[in-house]
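Visitor: Sequence:
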Amino acid sequence: MASGTIHFFISRDYLESHGADSYVLSDLSVEKLDCVQDCVVWAIVRKPENRQTLPEYSSATRITYGVPPAGMENRITPARLVAGKYAVGASVGYVNNKNLISGGLVSEQFELTNTAKNSGLELKK
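Counted from 1, the sequence shown has number 78 at position 78 by our numbering; the numbering is strictly sequential.
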């Protein structure tokens, strides 16, 4: 994996734009773009025992690549990341005052480039 750590999160502004103060996560996946085969490099889903009680996450929650957060488990184990373009997508439910108010898909793209200086990867937005 990259020499640094990659975190995924939903910003407070984004949550507020949906009238939410937190969110629940159903699934999350990371896919390598410009890929022909085995393009999903990591995927997590809610654990079966957590189908009725959903852990809530805030804008302060950081999901680290390869580490499922509480209440989630790997569906596809994390692959080693290499330089390239990726897309992350998640199914979320928006929560306000402990009430589920709506849901939707969240997605973003990012790029990892090689860095000669430390022979690692660098995140490029």
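Keep in mind that a hint or two might mislead.
What the hints assert, rightly or not - Below, simulated DSBU-like cross-link-like pairs (lysine-lysine); rule was C-alpha separation at most 35 Å, straight line:
(1) Lys-47 / Lys-32
(2) Lys-85 / Lys-47
(3) Lys-47 / Lys-98
(4) Lys-85 / Lys-32
Keep in mind that the hints were calculated from the coordinates and are not lab data.
Visitor: Check whether the Cα positions of Lys-47 and Lys-98 lie no farther apart than 35 Å.
Guide: holds (20 Å)
Visitor: Would the hint linking Lys-47 and Lys-32 be met if the CA-CA limit is 35 Å?
Guide: holds (24 Å)
Visitor: Verify the proposed pairing of Lys-85 with Lys-32, using a straight-line Cα cut of 35 Å.
Guide: Holds, because 6 Å separates the two Cα atoms, which is no more than 35 Å.
Visitor: Can you confirm whether the C-alpha distance between Lys-85 and Lys-47 stays at or below 35 Å?
Guide: holds (29 Å)
Checked against the numbered hints listed earlier, the structure breaks none of them; every hint is satisfied.
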